[in-house]
Amino acid sequence: MIDQIPSLIPYANPIYFAYVLIALIPLIAYMLWKEKRLPWYQSIVTLVFLYISFGGSSWKQGVALILYVVWQTVLVALYQKYRQKHNQSGVFYASIILAILPLFLTKLFPVFDFHISFIGFLGISYLTFKSVQVIIEFRDGVLKTYKIWDYIRFLLFFPTISSGPIDRFRRFQKELHNAPLRSDYADLLKLGVHRIFIGFLYKFIIGYYLGTLALPHLEKAALDGGLLSWQMLLYMYGYSLFLFFDFAGYSLFAVGVSNLMGYKTPMNFNKPFASWNIKEFWNRWHISLSTWFRDYVYMRLMFLLVKKKLFKSRVVASNIGYFGLFLLMGFWHGFTWFYILYGVFHATAICVNDWWLRLKKKHKNWPSNKWTHALAVVVTFHVVCASFLIFSGILDKLFFN
Amino acid sequence: MKKKLFFAFGPVLIAFIIVACIFLTPTKTTIKNDHLIEVASSSLSSSVVQGTTFTNSALASNQYLPMFGSSELKRFSAFHPSVLAYKYNRPYTPFLIGDAGTQSLTHFSIMNSNEKQLAHKKMVFIISPQWFVPKGIKDDYFEAHFSKLQLYNWLTTTQHVTTYDQYYANRLLQFKNIENSAKLTTLLEQVADGQALSKKQKNSLKLERQLLDKEDMLFGSVSTLFDSNLDKIHSYEHDLPAKADSNEWVKIADKIGAKNTSNNELGIINSFYNKNLRGHLKNLKGKQADWDYTKGPEFADFQLVLQQMAKQDSDVLFIIPPINEKWTNYTGLSQEMIQNFAKKITLQLNSQGFENVADYTTNAAEPYFMQDTIHLGWKGWINVDHSLQHFLKNDTKPTYHLDDYYLTEEWQQS
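Heads up: the sequence lines are chains A and B, in that order.
Residue numbers for the first sequence follow the numbering used here, beginning at 656 and rising by one.
Residue numbers for the second sequence follow the numbering used here, beginning at 86 and rising by one.
For reference, chain B alone in the conformation it holds in the complex (with noise of 0.2 Å):
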């Protein structure tokens, strides 16, 4: 009988022995492979945006060279960041950080969790005006990037908890999967109310979040293979012409462009015509006039990355892609309303010491610069790439010096 209920049992007890051995022994998590690592930098996959030990594994090289953004990145051309890098050999490979719908919300949790390996270092940080939408980030958008690790990350390091903490939990609670978290809810308000954690509540995350670690560190790894870019980053490389060469490329980006936006009049890439708009795209005739980018959270959400970027010391080139003007054109979206919303935002950076601004709205209606309605294209990659080449030979160190006004609701509204 008891031999009967050892077989039984015993699979049990070994299981649950090696489970507690691998999750509850507190090893680094760091990442070894090289190749994976260079996977992770162009896959934009989930465990990137949400996981911290490709960041983490990556950033503690020189080697890569953070660009914050959303879906224009993972929107591969010729003149892509990764493919020019790869092409040219270029002195850093990007490290690409974001999906779509991950908003300052989602890159301040991300860049939080890694304020060690992106101190005092420069990055690329790409702003959609479409994120300024009067109610902010959308729950859904919000959900998809949420990651608890990154969260207890927060949690567990915030020793006195500053106007821009209370912010930011604040912030969080107005989220649905958090309302609907009755411990998360708990710590948050604590945090809002001005009160930092207690010695106790902190170890009992802890251990949580070591938990949180190695499933990152274990599966992260496979989910990131999948999520693989580089043979079509190297596909793209025939594309481009064995010397780097200015006038060359544009000729190139014309080309292509022409050839690849040939099934509209709006300079939109076939595929994305086809995918998106074909059919219904009467229904957006004039529809988008009411539409204003100058109001609402995201502001102050941008705020929190503003300050996480002086906190942890980067230099940081910013850009603000223009909105394909044949499409504003039609959809009756007001570049007029873009031009403010792009002095609003570099009014905020301006003034708080961040000087590296690559504002682009303007070019919105030189052909090809658009890959289709908002995602930057062939040109403007290329343009991009200007900016960025002049901005890694400037060795000026930036100072900032925030002002607290720009979280308020005073200047969202404004």
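Looking at chain A on its own, in the form it has when it is part of the complex (with noise of 0.2 Å):
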């Protein structure tokens, strides 16, 4: 029996969503009949769902989400026990470092050639996210109470469990325990529907056809061209798009999927490719991960710079910031070179575009008007396609290989 369950990556295949539609068929039911959560069937979806991305072939990755899932509610109820009466900052980080501790060996090992397999599974990354935010808002102390159930389901919202988007807990918790009214329940229905079929064309249709059946032309003519060609040019924003589209098309599909559980996961993307600044850039690509690293890096950082005075200019203060956050950035993509020139790349560009805004502040009379706005999204545009060919790692292979 259990060797006819089929085991899938989540979103892979378009056979995918008709499970996911039938599994979810009597929760959409009762929860439109009776305005109420169905938690045990939920619970039981999501197993099920769990078993068939981690089970079969690769149950070694569940072997390692059940261990990782254990590591984290221990060290997250450790910590809120502990914080109930203290606060030392020694014991915060030392909670931070081990919370982040298995996905920094699961990027480290390969570094060594090493591997564990009990240690890494899909969408590791994305968890760990979800856990350090918990602690920290237990630190900050606007998380007091720790419902253990809350936060495994949180963890393990099984349409979000692979590539996000970053779901914040206290706004996941409020809807886990109120269910939406029904009339707006079926709003979001056919909101989650549209997001899934607009996610079909992105992912399945656009990424497929630049991704699967022009990227390696594409890849072949650059690789052949050197790094100053036209077909490099055009492999540039080959990649680029099919990183949007794919990714995009993928976040469409969680979110929409989150929307027929009665749940508003947090969009990822709103018209990235139209954004006039990097920072504006950054605003509409994958939302979910910048602002995170917005509220729980980099604010932090720089508040902490700012108290110590380290710093006595508040714009050397916040480019440090920025370089501490898009570092982490790059070393969570992976600890390779490209991913780390990456994050540096994309903190100089937020500097330079800093400075740049604090130049034009001074010269109110520079012209403003519709062409300067498309030569700025024109220019973004430019910038962040040259980010996305460090970060596709062809200069590697062209380079080293």
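Wrong hints could be hidden among the right ones.
In silico DSSO-like cross-links for lysine-lysine, where the CA-CA straight-line distance does not exceed 30 Å [what the hints assert, rightly or not]:
| # | chain 1 | residue 1 | chain 2 | residue 2 |
| --- | --- | --- | --- | --- |
| 1 | B | 370 | A | 1052 |
| 2 | A | 1052 | B | 261 |
| 3 | B | 89 | A | 919 |
| 4 | B | 372 | A | 1052 |
| 5 | B | 88 | A | 845 |
| 6 | A | 691 | B | 87 |
| 7 | B | 88 | A | 829 |
| 8 | B | 220 | B | 482 |
| 9 | B | 233 | A | 875 |
| 10 | B | 268 | B | 223 |
| 11 | A | 875 | B | 370 |
| 12 | A | 802 | A | 691 |
| 13 | A | 691 | B | 88 |
| 14 | A | 875 | B | 317 |
| 15 | A | 715 | A | 762 |
| 16 | A | 715 | B | 159 |
| 17 | B | 317 | B | 207 |
| 18 | A | 845 | B | 344 |
| 19 | B | 344 | A | 1052 |
| 20 | A | 1052 | B | 223 |
Read the hints as simulated data drawn from the structure, not as lab findings.
On a predicted model such as this, the values are computed, not experimentally measured, just so you know.
Mind docking these for me? Both chains are given alone in their own frames, and the hints should help you get the complex.
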């Protein structure tokens, strides 16, 4: 019997959606009828879909996931218990380090060509954001009580488990205990279906043509053409668009399926290529990641730097903050030179952007109209594409292979 | 409320209906577009290797000459069979079937799925010595060209399980991607035990096969267009003289060869040398001295191909390319071992009635015969063309008498 359960990577195959829809029918019907959630049924669906994603041939990932969840729940429980009476920075930082440790090890091991299959699993990076966030909120005192099952359900919410969007615990918890009203839920269902269909267009049609069909040819041509060639330029555009449609498509699936279940998981993309500067770009690209880094890394780093008066100038402090944020993001993607360079590139771009905005403020008479706006969008688009070219790893192949 | 829900789930319902209509209506899956088939013939695209629609459609007409092989087919140059066929308006167009890493098992699977269209026809099969490594085809290569559609074709059309079917099932069970699928494992174990699939099992597979068939037809075309090599082929036509003349060809081959292998002493085309060898050439010196292509499962896998050819009554020209001698002198790979390989494979062929064998392993030292280390080059292809023209004129029908001995472990290791 258990052999017959298929093993599928979430959202990778259209048939996955058929399974999701069938599994969700009782849940949707019940919520429409009673305006109440059906927690036990949701737990069963979650377990089945976790089994589909992490069972079968990827059972080692499944074991890793279980170990990971046990690790994080115990860690958060201990920290919460401690935080009720004390508040030492050392303990807080130690907890954060322990929360990040599994992720750190999975990122580090490949560097040394060393593999332990019971540590890493699909989605570990995204779960780590969730657990670190909760520890920080206990430290801040915004979170006080710890409901272990709420936390586990937050971590294991299956629509977003493999690649986000990264939800916030308090937001999720509120929804967990309050079902939407019938008429709101009907609207949400419509929105969810709509998002899933747009996701199909993005990921399975546009993403497929770009990624599976065009990119291998573009990459080959670019490698033959060299760094400064029009082929490389073409590859840069192709890869950037692919990255957007593939990831935005995935995110639409995750948000859409959440909607079907009656959850308003935040959106991850908002027309990023229409941004007129880098800062705006990060407000529109992988939004749940950039706001996470803004709230839990950048703001805190700035606060620390300003409070301790390490730097006299706010500008310097802010620039240091950006480098801290984007370097961390680079390392988070993987301990590889081009991811780290990608981080440095964006930190530099955003510092230049800030400098430009200050300069523009001083020169109020500089032209500002729809043409300058269009120019800004084009320039931003190219800067972003250049960063994705670094991110793609093609330079690694070009220089070192 | 009802209206709201109707607008929410109406699209889902319509989508399901449309998909069901497209995939479950049993219409024929052939391609009528001649241009598309022409692109496919030299595209070496994955839909040619893993699908069935293109090969089926192309081979239904007699215009195409199937050529089975591997990476050498991809390396176009002036004397490549496709270029020659276009330049001199030959009565056939080669239909190239293969890719880097396609070996006997993949070719068996492709042929089996197209056996009706291949029946009683002439074809070319290029046997690469380097397939015959002691462990046989690598997992990655097998998986990259594995086709569920072709496997289902085989499973649903096998009536009585033969020794060959059992061998094939057992062989498939050794690969990781098969092992990972509980369903395929169960089915193949059944065949390996000598049991054909039941009617019920076949019917459930047929439904899935129909889905895969439709998928192949709907999406194979676009991916093939991306893989077109026609421009490249036509550009090489300019290197050729207006009239086909072997002496003239040899002169041109010498000239192009010399020009294109100028950056190394090993007779390897410059681009290949730059990309694959420059830099770590030193690490390869003498490193291949103990390589052996004379033993291993590939000999039995190849027997499976021969059995399929006999079954469909194909008339086949086999080509055995050499390995560049300047290169083997450097790496230590033994030319004597390659001779032994050629002897062994020729014995397997001739003793069963496969008489058309163009064995070029003695041409290893001829300049510009090879394009690089293991891929046929300018003069190599000229020689292939001679053999091919001779083969196409010859109308004596072969008679085959298969010997199961060639499936055994004893033969593999002898």
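Status of the hints after comparison with the structure:
1. Taking the CA atoms of residue 370 (chain B) and residue 1052 (chain A), the gap is near 25 Å; set against the 30 Å cutoff, the hint holds.
2. A hinted pair counts as satisfied when its Cα atoms are at most 30 Å apart, and residue 1052 (chain A) with residue 261 (chain B) qualifies at roughly 28 Å.
3. A distance of roughly 18 Å separates the Cα atoms of residue 89 (chain B) and residue 919 (chain A); the hinted pair therefore holds under the 30 Å criterion.
4. Pair hint residue 372 (chain B) plus residue 1052 (chain A) holds up; C-alpha atoms about 25 Å apart against a cutoff of 30 Å.
5. Annotation: proposed proximity of residue 88 (chain B) to residue 845 (chain A) holds, straight-line Cα distance about 11 Å (limit 30 Å).
6. Among the hinted pairs, residue 691 (chain A) with residue 87 (chain B) is consistent with the structure: their alpha-carbon atoms are about 19 Å apart, no more than 30 Å.
7. At most 30 Å may separate the alpha-carbon atoms for a hinted pair to count; residue 88 (chain B) and residue 829 (chain A) meet this at roughly 29 Å.
8. A C-alpha spacing of about 35 Å is found between residue 220 (chain B) and residue 482 (chain B), which places the hinted pair above 30 Å, so the restraint is violated.
9. For the proposed pair residue 233 (chain B) and residue 875 (chain A), the alpha carbon gap of about 28 Å is at most 30 Å, so the pair holds.
10. Taken as a hint, the residue 268 (chain B) and residue 223 (chain B) pair is honoured in the structure, with Cα atoms around 22 Å apart against an allowance of 30 Å.
11. A threshold of 30 Å between alpha carbons decides the hint, and for residue 875 (chain A) with residue 370 (chain B) the separation of about 29 Å falls inside it, so the pair holds.
12. Distance hint between residue 802 (chain A) and residue 691 (chain A) is fulfilled; the C-alpha atoms sit about 20 Å from each other, no more than 30 Å.
13. For a cut-off of 30 Å, the pair hint linking residue 691 (chain A) to residue 88 (chain B) stands: about 21 Å separates their Cα positions.
14. Under the criterion of a C-alpha separation no larger than 30 Å, the hint pairing residue 875 (chain A) with residue 317 (chain B) is consistent with the structure, at around 15 Å.
15. For the hint linking residue 715 (chain A) to residue 762 (chain A), the alpha-carbon distance of about 17 Å falls within 30 Å, and the restraint holds.
16. With a C-alpha separation of about 39 Å, the suggested pairing of residue 715 (chain A) with residue 159 (chain B) is violated against the 30 Å cut-off.
17. For the given pair, residue 317 (chain B) sits about 26 Å from residue 207 (chain B) by alpha-carbon distance, which is consistent with the 30 Å threshold.
18. Distance hint between residue 845 (chain A) and residue 344 (chain B) is unfulfilled; the C-alpha atoms sit about 65 Å from each other, more than 30 Å.
19. Distance restraint check for residue 344 (chain B) and residue 1052 (chain A): the Cα-Cα separation of roughly 28 Å lies within the 30 Å cut-off, and the hinted pair is therefore satisfied.
20. Restraint check for residue 1052 (chain A) and residue 223 (chain B): satisfied, since their Cα atoms lie roughly 24 Å apart, inside the 30 Å limit.
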